[in-house]
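Chemist: So the protein lines, in turn, are chains A and B.
So that you can map any letter, position 288 of the first sequence is 288 in our numbering, and since no number is skipped, the others follow by simple counting.
So that you can map any letter, position 166 of the second sequence is 166 in our numbering, and since no number is skipped, the others follow by simple counting.
These are computed hints drawn from the structure, not numbers from a lab.
Here the structure is a predicted model, which means the values were calculated and not measured.
Some clues are possibly wrong.
Covered by chain B, per the in silico footprint, the following chain A stretches (three or more residues, Cβ under 8 Å) [as the list claims (entries may be wrong)]:
1. 4-10
2. 303-312
To give a feel for the contact side, a few chain B residues facing chain A, derived at Cβ under 7 Å [as the list claims (entries may be wrong)]:
3. Asp14
4. His276
5. Leu278
6. Leu312
Using N, Cα and C, we set each Cβ at its ideal position, and we do this for glycine too.
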Amino acid sequence: MDLRYSAEYEQFRGELRAFLDKNWTDEDRATLGGEEVLIGSISKPGERVTEFRIAAIEAGYLYRNVPRRWGGGGQPFDPLKSAIIREEFKRVRAPREMVGQGPSMLVFTLLAHGTEEQKERFIRDTLLGRILWCQGYSEPGAGSDLASLRSKAELDGDQWVINGQKTWTSNAAEADWMFALLRSEPDAPKHEGITYMLIDMSTPGIEVRPFRNIVGDSDFSEVFFDNVRVPKDSIVGARGEGWKVSRSTLKYERALIGDTDIARRTFDGMVMMARALERRGKPVIEDPVIRNRLVQLESRLLAAEFHSMRLLTMQARGEEALLAGMVPKLNSTQLSYDLGKAAMDVMGGGGSLAPGEPEAPAMGMFVTAYLWSLGVLIAGGTANIQRNIIAERGLGMPRDPVQKR
Amino acid sequence: MRPRGRDTGWGIMDFGLSQEQVLLVDTVRRYLADNCPTSRVRSVMESETGHDGGLWAGLMELGVGALVVPESYGGLGAEFLDLALISEQLGSAAVPGPFLGHAMATLALVYAEDSELKKECLSALAGGEALATCAVAEPGDVWDHAAVASTVKDGKLSGRKTLVPYASAADWLLVVARDGDGPGLWLVDAGAAGMELRTLRGNDMTRRVESAEFSAVVCRRVGGVESLAKMRDAGLVLLAADSFGGAQRCLDMARDYALQRQQFGQVIGMFQAVKHQLANLAAELEPSMSLYWYAAHAYDRIPEDGPRHAALAKAYLSDLYDRAARDSTELHGGIGFTWEFDLHLWFRRSIFNRSYLGDSDYLRGRAADLAGW
Ligand SMILES: Cc1cc2nc3c(=O)[nH]c(=O)nc-3n(C[C@H](O)[C@H](O)[C@H](O)COP(=O)(O)OP(=O)(O)OC[C@H]3O[C@@H](n4cnc5c(N)ncnc54)[C@H](O)[C@@H]3O)c2cc1C
Chain A
1 MDLRYSAEYE QFRGELRAFL DKNWTDEDRA TLGGEEVLIG SISKPGERVT
51 EFRIAAIEAG YLYRNVPRRW GGGGQPFDPL KSAIIREEFK RVRAPREMVG
101 QGPSMLVFTL LAHGTEEQKE RFIRDTLLGR ILWCQGYSEP GAGSDLASLR
151 SKAELDGDQW VINGQKTWTS NAAEADWMFA LLRSEPDAPK HEGITYMLID
201 MSTPGIEVRP FRNIVGDSDF SEVFFDNVRV PKDSIVGARG EGWKVSRSTL
251 KYERALIGDT DIARRTFDGM VMMARALERR GKPVIEDPVI RNRLVQLESR
301 LLAAEFHSMR LLTMQARGEE ALLAGMVPKL NSTQLSYDLG KAAMDVMGGG
351 GSLAPGEPEA PAMGMFVTAY LWSLGVLIAG GTANIQRNII AERGLGMPRD
401 PVQKR
Chain B
1 MRPRGRDTGW GIMDFGLSQE QVLLVDTVRR YLADNCPTSR VRSVMESETG
51 HDGGLWAGLM ELGVGALVVP ESYGGLGAEF LDLALISEQL GSAAVPGPFL
101 GHAMATLALV YAEDSELKKE CLSALAGGEA LATCAVAEPG DVWDHAAVAS
151 TVKDGKLSGR KTLVPYASAA DWLLVVARDG DGPGLWLVDA GAAGMELRTL
201 RGNDMTRRVE SAEFSAVVCR RVGGVESLAK MRDAGLVLLA ADSFGGAQRC
251 LDMARDYALQ RQQFGQVIGM FQAVKHQLAN LAAELEPSMS LYWYAAHAYD
301 RIPEDGPRHA ALAKAYLSDL YDRAARDSTE LHGGIGFTWE FDLHLWFRRS
351 IFNRSYLGDS DYLRGRAADL AGW
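One chain only, chain A, in its complex shape (with noise of 0.2 Å):
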C-alpha cells in the first residue's frame, strides 16, 4: 500500500494542471462551475461548456476509452489517470463527462455491438451532450423481472411499428432519443425475444406524460406508443438478441449509482451545518449523540471511499473483483439513506420546511438529498435485487429458480 503517486504521474497531473489553467479560467469557474446530478434532470450544455469539453477530448482528458475516431480521448486504459483527471477537474471544478444514460451506456453498447453508421451518428454528439437520451426498459408489468416487458415490435416492410409503453422513464421529457427494449419475437422464451432499439422521440405516435416524482420535479415519465415507425435499421445488435446487447451496459449504471463522490458532499455538508445551526443554545455539533452518529455514518462513507481505491488498485492489475465489485450499489444507496436521514435529525425543527423555504437551513438541500434517496435504492436494480445478485453470484447460493425463468 503506498497512497502517493510515482513521479510519472505526477508530471501528468502538472501538465493536466497547465492545460486547465489556460481552457478553465477563475471567470468559467464562477460562472459555470456547477455541480452535475445524479439521475436528476439533465439539459443541453451551453456553447462554452462544450468548448472546453472538445479541448479536453482532444488533449485526452475526457471519455479516455472511447476511440478518437468516435469522438472520445483515445487513450489506453489506466485507472490511475482517470483517477487524477477525476480529482483535478473536481477541484477547479470543471466540465467533467456528461452524466446520464446516454454517455454512461448507449455509447457502450455501440461501441460494443453498433453499426458504423450508428457509431458515426450518435457517439460524438452524445458525448459533447448534443443528443440527450432516455433509456426505455421499464414498464408498468415489467420492473424487476424486465425480461418480461411486452412494448412491441414488428417488422413491417422496411420500417419497425412500435406499440405499447415505457415508464418511469427519466428525462424523458427533454430527451431526443430513447434506447428501448422491445419484444420483437413473440414466440421466443422471454429472454431471446427482445430487440434493442433507438427511436427518435419526435417520431409520430410517441406521447410523454410526465410523473411528479416525490421530490416534486417532474423528472420521469411514462411513454406511449401508438403505431410508432421507425426504420429497419435502428436496431442494435442482431434481432431477438437485445437482452445480451442491453446487459452489456447495465453494469456502467450501477458504478454511476456507486460514486461515492455525492455521499462525500453530502456529508461534509452536514458537518459544516452541524456546527453552524443551533439547538437549545448549543452549536448541534456538541451534541454527543449526533457526534456519535456523524463518526458511525463516516466510519461508512470511509469504508466506501478506500473499497474504492481498493477497486481502482484491483483494476489497475487486472484483478477480477468478483464480491468486491457487487456491493457498492446496495453500499452507497443505504448510506446516502442514512446521511439524508441523519441530516434531517440535525436540522430538527427546521427539516419540516421545505427545499427553497428561504428559513429551511441550507436552503432545504438536504431534503433533497433524504427525498432522492429512496430514488436511487429503486432505480437501476433495487436493493434486493442488489441483495440477490451478492448472494447468488457474490456467495456462491443457489440461484432462484423462479427468477431463472
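Position chain B with the ligand against the provided structure of chain A, taking the given hints into account.
Modeler: Below, chain B with the ligand without anything else, positioned relative to chain A:
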C-alpha cells in the same frame, strides 16, 4: 522491495498488498491451518494459563515478534500493516495467546525515547526470547491516559490495573501511569516485589486477563505520551484487524452451512431471507477491510490520520464483528447455540474486542474530538 519510494517522495498509488505481504499472510495462514485447528484452540483455552508455548514459538519463528522492530534493533523493519494482516489471520483462526499485549508493548518500545532499556528489550522481543504485555485500564473503565491514577514516585510504581492480558506469562509489563511530568509508560519486571497479580475469569477464554496491584514497585521509564499513544493506536488497529478476520470467518461458516443444511427439501441457502441476511452482512463486511488497512497504513505513513482512524476502525469493526457472530449463530440454528460447536469461540472474541481499549461509543467520541468537531 517493500519500502517502495519511501525516500524519494514518490509512490505508486496502490491500495493493495505487496507480493511480500501476500506471501506473509499465506505463510501465517498455512501455519495456523496446520497447527491451530479449533481442537487446539479449545485445549489451550481450557488449560491453566491459556498460553501454549509451542504455538507461540512457532509464530515467533515465522518472524511475528520481529516484524515491526526496526532493523537497527535486530528486527525486520516491516510496516505496521504487515502486523495488522497477521492479526487478521489470528482473528480468523481464533488463536489463543498473548499476541495483542505483546505487540502493543513492542510498539510502545519502538516509539519510545532512545535508551539502553529500549535496546535491551527490543532485541529480546524481536528474537522471541522475552514476552511482554501492557497494563492500560484502571478500575472505573479508565482507558484514557489523561485520567490515569497510578503514580510513579522516585522510581517506584503504585496503583491498580485491570484487564492486563497475560500478565503472569509476561517477562515485562509496560504500565501506563503518571509522574510529576504527566502520563507516561514504565516497565516492571515479572515477579517484582510489591506486584500482585490475580487471574480474572473472562468471557473470551482465548485472551486471558488479570488484574495487577502495585505498591511501590521498582520500575524503569520507557517513554512519554507519544509512546503511550502509539501503544494504544497499535492495539486499536490490531483489534480492528482481528475483528475483520473473525467476522469474515463467521460469514464463511454461515455461507458453508447454508449450502449444506437442508430443510423443507432444499438447502437453506435457497431461502431468500437467508440469502439476504448473508448478502447484507457481506455487503458491509467487504469494504470494511479497507478501513483497517488504511488505519494500519496511516499508523506509520500518514501520522496525522493515525489516531483518529485507529479509533474509528476499531469501533466500527468490533461492532460489525458482534453482528457477524450473531447472524452466523442464528443461521446455524440450534447447533450454533451449543458449546461443542465452535462458533461461540468467535462470538466470545468479539466481546473482548468490543470492550478492550474502550467501547465503541467512547471511541467514536474520541474520533469526533480528533476531527475538531
Ligand atoms: C428515480 C428513478 C428513475 C428511474 N429511471 C428509469 C429509466 O430511466 N428507465 C427505465 O427503464 N426505468 C427507470 N426506473 C425504473 C426502475 O428501473 C424500476 O423502478 C426498478 O427496476 C424496479 O421495478 P418496479 O418499480 O417495477 O418495482 P418491482 O419490480 O415491482 O419491485 C417492487 C418491490 O418488490 C421487490 N422485488 C421484486 N422482485 C424481487 C425479487 N426477485 N426478490 C426480492 N424482491 C423483489 C423489489 O425489490 C421492490 O422492493 C427508474 C426508477 C426510479 C425510482
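Chemist: Each of the hints needs a verdict: does it hold here or not?
Modeler: Tested hints:
1. 4-10: holds (count 6)
2. 303-312: holds (count 7)
3. Asp14: 5 Å, holds
4. His276: Because about 5 Å separates His276/B from the closest Cβ in chain A, which is inside the 7 Å limit, the hint holds.
5. Leu278: 6 Å, holds
6. Leu312: 5 Å, holds
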